[in-house]
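**Student:** Mind docking chain X on chain V? Use the hints.
Protein chains in written order, with this note's numbering: chain V, 1 to 385; chain X, 386 to 818.
Wrong hints could be hidden among the right ones.
[To be verified] Just so you have them, the derived chain X footprint on chain V, three or more residues with Cβ under 8 Å: (1) 140-148; (2) 160-171; (3) 327-338.
FYI, nobody ran anything at the bench for these hints, they're computed from the structure. Heads up, the beta-carbon is just placed ideally off N, CA and C, and yes, glycines get one too.
Single-letter residue listing:
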Amino acid sequence: MTRTIPLYGGMAAAMLLLAGLAPAAAPPLEPVPALWLGQAPLRASELASMPLDADRVARIAILNAPALRPALREHGISPAQLAVLPLWQQTAAVDIGRDVLGLAQAPQGRTVLAQAVLDSVREARLAWLQLALASQTLQVCEQQARAADAALTLMEAQVQAGNAAEEKRLPLRQAARAAARERLHCAAALAKAQRRLASVLDLPDATTLRTAPLPALPASLPQADLPQWLAASPTGRQLQQQQAIEAAALLPRAASRSLRLPLTGALDPEGMPAVSAAQLELGLQQAGLRAQLADDWAALELAFQEYRSLSEQLPDAQSYTRVMLTHYNGMLGSVYELIDARAAEFALQRELLEKQAAFWEHAYTLEARLGAPVIINKEVRHAAP
Amino acid sequence: MQRRDFLGASAGALAGLGLLGIGREASAAAVSVANPLGVSGGRTPVTTLNTRTLGFRMNNGVKEYHLVAEPVEQEVAPGMTALFWGYNGSSPGPTIEAIEGDRVRIFVTNKLPEHTTIHWHGILLPAGMDGVGGLTQPQIKPGETYVYEFTLGKSGTFMYHPHADEMVQMAQGMMGMFIVHPKNPAERRVDRDYAFMLASYKIDPGTRRPDPSEMLDFNLWTFNSRTFPAIAPLVARTGERVRIRVANLTMTNHPVHVHGVDFRVTGTDGGWVPEAGQWPEVTTDVAVGQIRVIEFVAKAPGDWALHCHKSHHTMGPMGHGVPNMLGVDQAAATAKIEALLPGQHYMEMGSNGMADMQDMAAMAAMMPLPPNTLPMMTGEGPFGPIEMGGMFTLLKVRDAQKPGDYSDPGWYEHPPGTVARPADSKAFSGIPT
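So that you can see chain X by itself, here it is in the shape it has in the complex:
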């Protein structure tokens, strides 16, 4: 054995040694926004929301990583845990970061009850390293460890995921990001580099394991297998250049919208987009099996929403067959239904909209939800209920945020006179409508 040069973060090194064990709980409350180690030479390391970068070691000039495919119990948001399959204790697995030109050797240990493989999505490599079970390699049976080895010929944003019983294994949360930084540290340099994966799950109320048979009707729309408000915020100092890498392994497209900035799509999982091919956007659609890299300068301080623009994807679990009560006078029926349910709290809902669902979540003691289920909408902001869920988080831009400081600065304090306010009726009297 050659000299072992452990350069990874301690957690990454432990994971590499397979010491983290199976089934530990990764709490969404312990949001990981720390600047991870492992990327040197003045490059900005990637911050993967709610998860971490995988540690590695150098072995005769080869970067060695160790991924352990295993069951994981993990919090989706406060009040709900899920039994995922993931890597190294989390879903998604830790982000692999390397540098263009690196030779990487990745050990994959299978602690799942069935065989698996890993496909390195978007990375150009020898066919035998592509990770398609049965086609380019034998399946990695439970208990076995395989090794993949290839050279990273180009920089960019990629993914890793199983290519064995793929429908089940990806539905269980097996995925991760693979970032290759440019060899030249000055090339495409940004001040903040964020990454997250879009993942959807069907976990019925009262259950904990994703249903792999579901194709369309998912009830959990997540960034990195977490839903709002458990998704870590993205923070930036005013004037900083920010990159966000978004990978989609759900079964549908997601128009990702960022408030407060205009951005350009600078890369895909196929590589970097030449400047001549970029145009300004505030929403970019990330289709299934795609990655979009967006970049912008955070010019305006504030708490800016970042979310999928499909409105059902910014909701918590809800039934899609519930009757439409909008505009319905339920008074007579409610009295009759209450009489049917003596001793229970029944409340009519939806006549004036669904915003009162946020109140329902707050009244959980009196009007409980099923166990291990998230409310349809949630989140308290400085001005009241935010009424969101699912694929929603915040971009927090502050003048005073120090470079390299990823800590949550709290709620934005608006300068006087810059917040929408109730209007006096005289003020708008006479304006044509």
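Chain V extracted, bound-state conformation:
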């Protein structure tokens, strides 16, 4: 078989040549050995064929996330081995830190693996949150577009009847077009979220991802316990272990001289109590971790409070629509005011969804840092794949 090779060079030309020379029926080369992956991709696809929630996504991530594979390989674990574990038959939500990683007994050297698993799960969950948010937002977005279209349709009929003029029609037409554009954005965001999640989980492009709704928020938040969290988190445990090693290597020593000012004249390392540079660096890292946990918790609390506030506002918005309907019934208010009231409800619903997703984003981020869930999602309980 002869083939004309175009005159653009380098790698592309070489690949075309190879393609032309390769047998027509040869399967494409897999970048990752199929034996190493084993049944993990199949198991992941099975899980992904069901409505996705935070737990299913976490399981798929552990089985199939490309970002996790180097850490697995580094620690002598293959997805093929993971895929046959009985753990995946568990119907209750999997506690990654406890059930998968066994963090409470994990030796120091496995901190990197543990954190890699936790980070992969977090990344997958955040991608899933975006998908769930985009999916629900699209529905509201469509309602918003319908509201704008209804108002325009009525105004067009008024214009047609000779009862309204351009200054009334044009703003509604603009609003309807803007709502239609917004709907396009919402649909694009959904498609992008699907692509992103498929990529994070290494699922085939053709996979249709269905998602469960965003989980409900708990009625209240647990008490924050920063010292305990710091001690129990993989990174915190690692820092503590390193601090213990450093402390053991140093003989305690009291100060042997008084300090005199100016400080720039005090250059006697032997005169001060003993401390290593590593100890100081570990202390800094510990303080940084503590601050990070405090920030994470504060963000979670804020998202919780904002969601609560908005969720209390929504019934008022719904009541306002009903009130506007009574005004319309009595010819006391305009039908356009009624439609506006409903549209305001939709806008609030969108904001509520965003806050709901933000809350879980912070919750999953915190869980990844701590290695244990801070907020238990009681909705997750499903049949094993």
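**Tutor:** Frame of chain V, contents of chain X only:
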């Protein structure tokens, strides 16, 4: 204390003693059309629609009255109550009736949260009795009682209302009528003598208190602070001479139109109109702060409409910024709006006119109105919906109505062949149009 001669009606006497209390409810359903007491010597007492005449007592030849300015909760029409300010338990306050030449002493007790006064609109009296707060007298502070005393030098139709924080207090319903009968009972005698005040209010849907800041866009157009169908009808026997005294304390004029009669304007708040100055009318315009007295002989029996001829004033509350749907094909939009409101009843309105608003009122269970709000149009007549509201009532003339009987005779029974009826197409075929 001299001999107290209580001549007033019992309710009036109670009010005079200040025993009625504040905040009682005066139901529009309990329509007062009884012939009030208090006017003697063969004179026809005034019937004030939906309210009463104030009782009095004689004290050494002086007629003593007691007005109590106070908050009042009162029904405007079935389905709506308002928190008015009024006198002696109602808005308007009870009508004061006296006789030309009477010396009157009127005690005014202020049970309002702010000061007040009373101006005796149209009555000629000493300047210090004119009731303009700050100008002719100190303000009557809350809890205080002032006394006004003057002699009624001429007969006629007058009003009383505050002249203190007037914009607020009149917007809250503080007003009343003051009728002075001629000294000679035979002078200007009529068989029926009716009175009512035109008052407008802005009470937003779902609220109960009139908004005093409103100047033009009122939503309740009332006779004596009631709207149709809660306004009492005027009744007369065929052939009787009827007088109607109409006082206007709204912020606009009202062309008052009476069906079934032609009348003459016989008086204003300035006095009686000489016969040479009268001409026949069926509508007379009552401007702001004016009174018009009309008289006619009720010649034709029937149920005759009596209303303000400004058509928006014979409507219940309605939004004045609602879009015009007349002639609009709403079908496509309605389907879309219904989809936006799952579980709710949405119905397109106004494409063929607004008469279906009467049906909306009837379907209140399915398509509710805001609380404490009246429908835009209402009233069921013997032939169907009357589609009115606001300043609308009936003059009921009957052959069989006994003199002095003010009871509602019910719907008029038309003699056969005297009611408009559907026409056969053959009957009008060929008539030029």
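**Student:** Determine for every hint whether it applies to the structure shown.
**Tutor:** Okay, the hints, checked on the actual structure:
Check result for the region 140-148 of chain V against chain X: holds, 3 residues qualifying (beta carbon to beta carbon below 8 Å, three or more required). Given a C-beta distance limit of less than 8 Å, the hint that chain X covers the region 160-171 of chain V holds, as 5 residues qualify and 3 suffice. Remark: the region 327-338 of chain V is confirmed as covered by chain X, as 11 of its residues place a Cβ nearer than 8 Å to a Cβ of that chain, reaching the required three.
Violated hints for the displayed structure: none, as all numbered hints are satisfied.
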